[in-house]
Structure formats: structure tokens, C-alpha cells
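So the protein sequences, as listed, match chains S and P. Under our numbering, the very last position in the first sequence is 112; numbers go up by exactly one each time. Under our numbering, the very last position in the second sequence is 1114; numbers go up by exactly one each time.
Calculated from the structure, these hints are not laboratory results. The beta-carbon is built from N, C-alpha and C at its ideal position, and this holds for glycine as well. Treat the hints with care, as some may be off.
[Unchecked claim] A partial selection of chain S residues facing chain P, derived with a Cβ cut-off under 10 Å: (1) PRO9; (2) GLY43; (3) PHE46; (4) PHE89; (5) ILE93; (6) ASN98.
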Amino acid sequence: GESVGLHLPTLSVQEGDNSIINCAYSNSASDYFIWYKQESGKGPQFIIDIRSNMDKRQGQRVTVLLNKTVKHLSLQIAATQPGDSAVYFCAEIHNAGNMLTFGGGTRLMVKP
Amino acid sequence: KAGVTQTPRYLIKTRGQQVTLSCSPISGHRSVSWYQQTPGQGLQFLFEYFSETQRNKGNFPGRFSGRQFSNSRSEMNVSTLELGDSALYLCASSLVASGRRELFFGEGSRLTVL
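Pulled out of the complex, with its shape left as it was, chain S reads as follows (with noise of 0.2 Å):
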């Protein structure tokens, strides 16, 4: 597959560990903030979004964290799987269109 990106920042976890990802976001004014999962050879795949009102929203096994006061965003997968395995973005976004912006990218990586 291809290489998305060749220095992103790598997290290695035990399979059945939690996973934290962690995304720095750069406008205040953004109405949402969304993780993306992108695995070789594919586009990216939203996972989970949270509107900039909220704190904290919840999905299956992930759980999205919103911090407006340092402009940080995070992402916790919870028992991690080697399916889990692949390249996460955050991505923020203005009510106005569909343009993303999106953050370098973090590479999870899962051991059996």
C-alpha cells in the first residue's frame, strides 16, 4: 500500500491496551472536530465527530475528548485490535461547507 505519511508520529500499543491519540487544533472557530482512520491503500474513514459545544462524545469502543481552553483534541480506542492498526487524523470543520482541515496524522500502531 502506500505510504501516507513517511515521519508521522508512531504509537505502538499491546493489543487489548487503550489507545490515546492526541491532535493540537489551530482555529477557535471551527464548528466541528472529527477523527479520521486511514488505513494503506484507502481513504480515510470517519470514526467519530464532536461539535465544538461539547466536551465529549462516545462511539463503540472510541471516545472523543475536547479540550477548547488549550485547542486540544483527543481520541481513546478502548481494548485496541490489530484491525485498529493504521494512520489517524483529526480534522476540524466550519458549518459553512465541507472544507476539512486536517492535523499530520498519528500511526497506530497494534502488537499481538
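Starting from the known structure of chain S, fit chain P onto it as the hints suggest.
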């Protein structure tokens, strides 16, 4: 339900040539946006079309252009190709123009410029 389809998946061009990439959104989706992905710059927004109108444009030179047809299919064109245009070009479609931000991405068109 078919996903976002991009063609071609891979192509090789030489400097100075031009290229056209195609994107068929998910049926019923009217918003189509394009992104360029490179190892150095990451994912960058190119432009977005909704109901055949360009709604937003990223910070790319005029060599990059696009359009959307009445059936919501979209094409993007890059003229006078440069080596730095080598990238994965991703198309994303969305059901609504605003609101919940679930964009669905295709698998991309991998362009190599020699």
C-alpha cells in the same frame, strides 16, 4: 449501497501534461470535495462542489480546477503538471451541505508525475 468511486486508481504522467480525475459520489450525495495527500504536506483541501457550484476553494494554483455535473459526478483537472503534483487525490462526498460532518472518501487516484 456503492461507495465513492474514483477513476483511474493509478496513473503516470510526465511534466507539462494535463490530467483529469473522476469521482462518482454515493447515490443521493450532492456535495463533492477534493483533497490532495502527500507525505510532506499531508491532506490538503482543494475544492468543494455542491449542486454544480464551487462553494469553497483551497490554496492551490489555478492549474487545479474542477467541476460538477448535474448528476453530482465531479472531475478535477490539473494542467501543466509539475513533479510536486505527484500525490494521492481523494474525493469525498456528503449527503448534506451543512450539519453533521460525515464525509465519505473514495480510495483515491494515485498520480505520479515523471
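(message) Quick check on S/GLY43 please, does its C-beta sit within 10 Å of some C-beta on chain P?
(response) holds (3 Å)
(message) Checking hints one by one. Is S/PRO9 an interface residue toward chain P, by the C-beta closer than 10 Å rule?
(response) Violated: closest Cβ of chain P sits about 12 Å from S/PRO9, beyond 10 Å.
(request) Hold the hint about S/PHE89 up to the distance rule: shortest CB distance to chain P must be less than 10 Å. (result) holds (7 Å)
(message) Under 10 Å is the threshold here; is the Cβ of S/ILE93 close enough to any Cβ of chain P for the hint to stand?
(response) Interface hint status for S/ILE93: holds (5 Å vs cutoff 10 Å).
(request) Under 10 Å, Cβ to Cβ, is where S/ASN98 needs to be relative to chain P, so tell me if that hint holds or is violated. (result) holds (5 Å)
(request) Double-check S/PHE46 for me: the hint is only fine if its C-beta lies closer than 10 Å to a C-beta in chain P. (result) This interface hint holds because 5 Å falls under the 10 Å limit.
Hint 1 from the list above is the single one not met by this structure.
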